[in-house]
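> Line by line, the protein sequences give chains A and B. Heads up: the first sequence begins at 0 in numbering that gives the first Met the number 0, then just goes up one per residue. Heads up: the second sequence begins at 0 in numbering that gives the first Met the number 0, then just goes up one per residue.
Please note: incorrect hints may appear among the correct ones.
Stated by the list, open to error - To give an idea of the chain B side of the interface with chain A (calculated C-beta under 10 angstroms), a few residues: (1) 44; (2) 45; (3) 47; (4) 79; (5) 81; (6) 116.
By construction, these hints were calculated from the structure, which means they are not laboratory data. Quick caveat: nothing in here was measured; it's all calculated off a predicted structure. C-beta atoms are modelled at their ideal positions from N, C-alpha and C, and glycine is treated no differently.
2 protein chains.
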Amino acid sequence: MEGLHILAEFGQCAAVEAMASTRALEVLCVSACREAGLTVVGQLFHAFGLPAAPAGATGAVILAESHLTVHTWPEQGAVTLDLYVCNFSRDNRDAAEMAYARLLEAFRPVDVHRRDIWRTYPGLGPHPEKV
Amino acid sequence: MEGLHILAEFGQCAAVEAMASTRALEVLCVSACREAGLTVVGQLFHAFGLPAAPAGATGAVILAESHLTVHTWPEQGAVTLDLYVCNFSRDNRDAAEMAYARLLEAFRPVDVHRRDIWRTYPGLGPHPEKV
Numbered sequence: 000m001e002g003l004h005i006l007a008e009f010g011q012c013a014a015v016e017a018m019a020s021t022r023a024l025e026v027l028c029v030s031a032c033r034e035a036g037l038t039v040v041g042q043l044f045h046a047f048g049l050p051a052a053p054a055g056a057t058g059a060v061i062l063a064e065s066h067l068t069v070h071t072w073p074e075q076g077a078v079t080l081d082l083y084v085c086n087f088s089r090d091n092r093d094a095a096e097m098a099y100a101r102l103l104e105a106f107r108p109v110d111v112h113r114r115d116i117w118r119t120y121p122g123l124g125p126h127p128e129k130v
Numbered sequence: 000m001e002g003l004h005i006l007a008e009f010g011q012c013a014a015v016e017a018m019a020s021t022r023a024l025e026v027l028c029v030s031a032c033r034e035a036g037l038t039v040v041g042q043l044f045h046a047f048g049l050p051a052a053p054a055g056a057t058g059a060v061i062l063a064e065s066h067l068t069v070h071t072w073p074e075q076g077a078v079t080l081d082l083y084v085c086n087f088s089r090d091n092r093d094a095a096e097m098a099y100a101r102l103l104e105a106f107r108p109v110d111v112h113r114r115d116i117w118r119t120y121p122g123l124g125p126h127p128e129k130v
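Can you build the whole structure from these sequences, using the hints too?
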């Protein structure tokens, strides 16, 4: 269950449609994962606000490798995302980087704040080299 | 979009059913959020392995306040969870603590590794006091 968890906050995003349209957000998130070689086993997206006054969306893509979750605030031009990939049967860090790059490219933020968290089994300690 | 993101890894969990049964996991996660006063707007749970040989589950609970995601490895007695609550209209940190405590009590881990991440809008910097 060792794995990489990328937490990112994006500000001043140029991609209004991907933030305001739940369908566009879903297509983006699922395709970003699939194109990176991650295995999508389900997805759930929820729109906030009314159709005439969208107030962002939250989406979760369940992966065999763990998950991607995204929250959008189109009125603030902001997105937060989490991409967590475990290295259970192979090293998925390159796939995570590829999916993250696709999302970054799609949202086109001016401000990017990314933190990488290495998650591991309690008691084992961090093993960033273990795959 | 400021908010608290709790990342936790649990080891040597005693609660086998909650880890191996996707339905039990879903009931636990949804009720932990609801009982804490968080607003569940959807959930998606996926079982790995075969019914005769369950290999854990992944679940996502979409909240109006953000999300809860849980991954279980019953064969290792391990769970990772993420509980992310934004303070958009009110301070949800107490609700997050209540839901986390309910999950901790349910999984009964021997080893607990918890990290709290304060997430905020890029450019604003951290505002742990802002609600």
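> Work down the list of hints and note, for each, if the structure agrees.
How the hints compare with the structure:
1. 44: holds (8 angstroms)
2. 45: holds (5 angstroms)
3. 47: Hint on residue 47 of chain B: holds, closest Cβ of chain A at ~7 angstroms, below 10 angstroms.
4. 79: With a minimum Cβ separation of about 6 angstroms from chain A (threshold 10 angstroms), the hint on residue 79 of chain B holds.
5. 81: With a closest approach of 7 angstroms, the residue 81 of chain B hint holds.
6. 116: holds (6 angstroms)
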